[in-house]
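K.L.:
Take the sequences, apply the hints, and build the full model.
Each chain, written out:
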Amino acid sequence: MDNPAAMVEQNLLLLLALAPFAGALLLTTLPRQAEQRAALFSGLTMLASLGLLAGMAKSITSDNVLTVDIDWIPTLGLSLSLRVDGFVWLFATLVMIIGLLIVVYAGFYMKGKDRLPRFFGLLLTFTGAMQGILLSGNLIMLVVFWELTSLMSFLLIGFWHGSAAARDGARTALVLTASGGVCLLFAILLIGQVAGSYQLDAVLKAGPEIQAHPYYGIILALFLIGAFTKSAQVPFHFWLPGAMAAPTPVSAFLHSATMVKAGIFLLVRFFPVLGGTELWFFAVTGIGMLTMTVGAVVALFRHDLKGLLAYSTISHLGLITALAGIGSTGAITAAIFHICNHAVFKASLFMVAGIIDHETGTRDMRRLGGLFRVMPITGLLAIVASAAMAGVPLLNGFLSKELFLAETVAWHNGTWLDDSLPYIAVVASALSVAYSLRFVMSVFFGPLARDLPKSPQEPAAWMRRPVELLVLICVLVGVLPALTLGPSINAAARAVLGDDLPYYDIAIWHGVNAPLLLSLVAFGVGILLYSSMARGIAAGPEGPPLLHRLRGQKLYDQIMLRGTWIWPRRALSRLSTDSLQPQLRLVVLVAFIVALGSLWHNFHLAETLRQTAPSPGFALMWLIGGACAIGAAWQAKYHRFAALVMLGGAGVVTCLTFAWFSAPDLAVTQLLVEIITTTLLLLGLRWLPNRREEILRDTLMPARVRRARDLFIAVCSGMGITAIAYAIMTRPRIPNVGDWFLANAYHSGGGTNVVNVILVDFRAFDTFGEITVLAIVGLTVYALLRRFRPASESIDAPEQQSGNIANRLDDYLFVPSTIMIWMFPILIVVSAYFFFRGHDLPGGGFAAGVTMAIAFLLQYLATNVKWVEARLTVLPIHWMGIGLLIAAGTGIGSWIFGFPFMTAHARYVTLPLIGDVPFATALIFDLGVFALVVGATVLMLIAIAHQSLRAARMREQEEEASKDANKKKETPVWN
Amino acid sequence: MELILSGAVGVLAASGIWLILRPRSFQVIVGLCLLSYAVNLFIFSMGRLTPGAPPIMPKGGFVDPTLYADPVPQALVLTAIVISFATTALFLVVLIGLRGLTGTDHVNGKEKSEA
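Respectively, the protein sequence lines represent chains A and B. Start counting the first sequence at 1; every next residue gets the next number (this note's numbering). Start counting the second sequence at 1; every next residue gets the next number (this note's numbering).
There may be inaccurate statements among the hints.
[Stated by the list, open to error] SDA-like, lysine to any residue: derived pairs with alpha carbons at most 25 Å apart:
{"#": "1", "chain 1": "B", "residue 1": "K110", "chain 2": "A", "residue 2": "H639"}
{"#": "2", "chain 1": "A", "residue 1": "K637", "chain 2": "B", "residue 2": "S84"}
{"#": "3", "chain 1": "A", "residue 1": "K637", "chain 2": "A", "residue 2": "R707"}
{"#": "4", "chain 1": "B", "residue 1": "K110", "chain 2": "A", "residue 2": "T577"}
{"#": "5", "chain 1": "A", "residue 1": "K58", "chain 2": "A", "residue 2": "G498"}
Calculated from the structure, these hints are not laboratory results. Keep in mind that this is a model prediction, so the values were computed, not measured.
P.N.:
Right under this line is the structure:
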């Protein structure tokens, strides 16, 4: 297919698939109020799609299959492939025509409603998804579009999300169709595995292999669940009436040409692959006939106009499903024909129901009546469309129903279901006549309804135009089937069943034969049924007697309620707890038990212990460190300050240990972080409640038992950790990745401090992730503190800071604060020193950053927030952002030179006066680390420091609220 | 030395674990700090104890890796120190928020009736 014409058609196909999504994207950019333009744009999109389809018509009618294949993930068998044959073309055209009319109708029906661009955007996306199902040449792609229709229908049905009915209807539809979608996905995956390809063309040829495969039963079951949920077959039918809470144009679209027809499309499309077996016949035709009957019965007894139409839709879907189950040439042709006919008359009927609702304010058939007198044109349209639904001759519904009846009579496979088909068909047809009569009679005839919410009149002409056109199609197809739809239907049937199909002539008159007689019987029974039951139905409940209690919706609600609410809550209350302590205890215990279990019998010390000569100094150091740790644990409840000091003691000993065992970088960083942490916790102490007296029951027996148990857990865990640490530390050192880092740090990283080279060069990507985490934490702290109501402070501001004697503030800690202020430039120099020596000697971005943060912190400590921020503009968030940008930019920079992300480059440059300076791109990366650490640390500290300002401000505001409501507090400079 | 350090890690860990099982938020925060010391020292000690040989290389020439302390645990712990500072800060803020919202410093946000 390399000729230019084929190229053009392929491009048309691509455009066709993309057009609705492009239109939807355009609509999202419109302002909320642009209703006219929204309707116009979506109408134009549909028109353009129709134009594209018309451009393909010529080659489609000559039985060509247009395809576009773009490889996507070839190793997984995924490709973006589009495929149009006669069947798809007919279906897509139907979708677009109905879609266009719906848009026109909705433009008037939804006038003045809010969020219209959004509505039309959703509608277009839905159309695109539906069309995607039709056009997909790859099964995985088909499933994706299938899910997209479920999602979009959820949004469309729930468009008026203010109403509970809309929300419930949308949710039910989503849960059902999406679970069906999962089943379909599994079926498709199995089919793909069996057929060896996910390409539709290949799968369509693999029918015999799939049917012979042992998994055929499972595949069929999963596939049918997918198709039946979407096409609202019993027992999954109940989402469809619930979906009537959608705006009427949506119902008219979803339940005529799209959504529910997707399942039917799949059944017909996959008939050559999965169909033709007895299992298929019983499952598909059986469910179809059942659905057809149940739908028709319930439709007769519904009082809501849209409810009647919804169940009628279910019934007609059952009819088409039954035809797909039979699967003979005539049946498939009839199915395709009825897909079109049903879409046309049902869309027009939904629109009529919408008009009636719009003009009278109610859809309850018991309240309506005699409307023919006030809206004769609408009435006439409704009568013709209902007649088509009932199958009156000279209308399109009659033709496809005749084909259906003919198939039930003519086709045989010798099973009991086959024998009973004509009888079921007649019963359902009679019911369909009855409910069509009810629709017309109760709305348009009889005494004119009084007390309607609005006084009815003919609707705006443009709201009626789409209905008029659809009804015209009903009549045209009904009178001249062979001239109108005949060729397309035949092309579609050939596309499904094979090219060598004989031409099937659709005629209105076949002589007096069995189907015609069955039709007549159905009419007679239907009219009789309605005339005898009309009163009873109107007085009865919403639904058929006895059956209305047994509703799928209720069952579903119960299952959902139990499955997603009651049982999970019960399980949660039994298996879980809100309380933190039992959870932490469980974590510790599980870790302990797992460690114990895996080390049991395996734990042994090395044969020759690696021992470093013990030093009394070190032992003494840890005597103090251990005492500090235990003391902190002991005092943390009642003497927080003491505990904090001891915590610092343990930290300092830890820091010395790092220094002792050749980790100067760690020692420096630990010391600096220790300073910051202690300051932070000191700031936090202010908001903790006083705890001077013993807490009630603290000395009672249960509390003692609890503490003893926790102590036991803690001591056991501590001993376990000691044992593991000792066992590993005394093992001989084995060569590891660290040796490589040591050997190559200077050679390829350009630095002699290996730890720093690892951080900023070899493993720079890890460091990048880590500083990102730091930035996120900083922002979280900041955001949380802006939201939280400040806690009440446990202590008052010191006398020197309180407002009464503000003049004494100048002398407050005068000497220390002066020294601290003067420390600022010195600390900056220290920080720079740490930073620049980092690559070769202990130091680096982290240490330098924390030092810099301490420099800022000292200013805040020495004076007060207002003093600092009047003189110094600290913009921590900018620091963080710039830091991240520098770090990422350094990494990205290596792309420019053709290296992978984060490749570092190192060299020495000679600066005047200073001499050789190591210059590596890693240094720039380290600069990013530095800036980010400064930003994040300062942000957290200042955010907490500002808490006391906020608390004070809130106090003042509360006091002054009555006096001066307008007095605004100046916002801090730093945020 | 090994025995002393492993004992120290154990003491720090035990104190930390005991504290994180306590009901008051300040106790938990101190416990987390102690636990992070313990864990950092534990990870650090996985590189074995090597006094007086920091991983600072000569400029050029042959490098015998066995003469230096293992740099990998050090790099790991360096980032761990900074991150544990960040989590401590975050926890402190949650603690302050909890106190502001509920008026108590109990970790469950309410004074318990049992346990």
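K.L.:
The structure should be examined with respect to each hint, and the outcome stated for every one.
P.N.:
So, going through the hints one by one against the coordinates:
1. B:K110 / A:H639: holds, 21 Å
2. A:K637 / B:S84: holds, 22 Å
3. A:K637 / A:R707: holds, 13 Å
4. B:K110 / A:T577: holds, 14 Å
5. A:K58 / A:G498: holds, 19 Å
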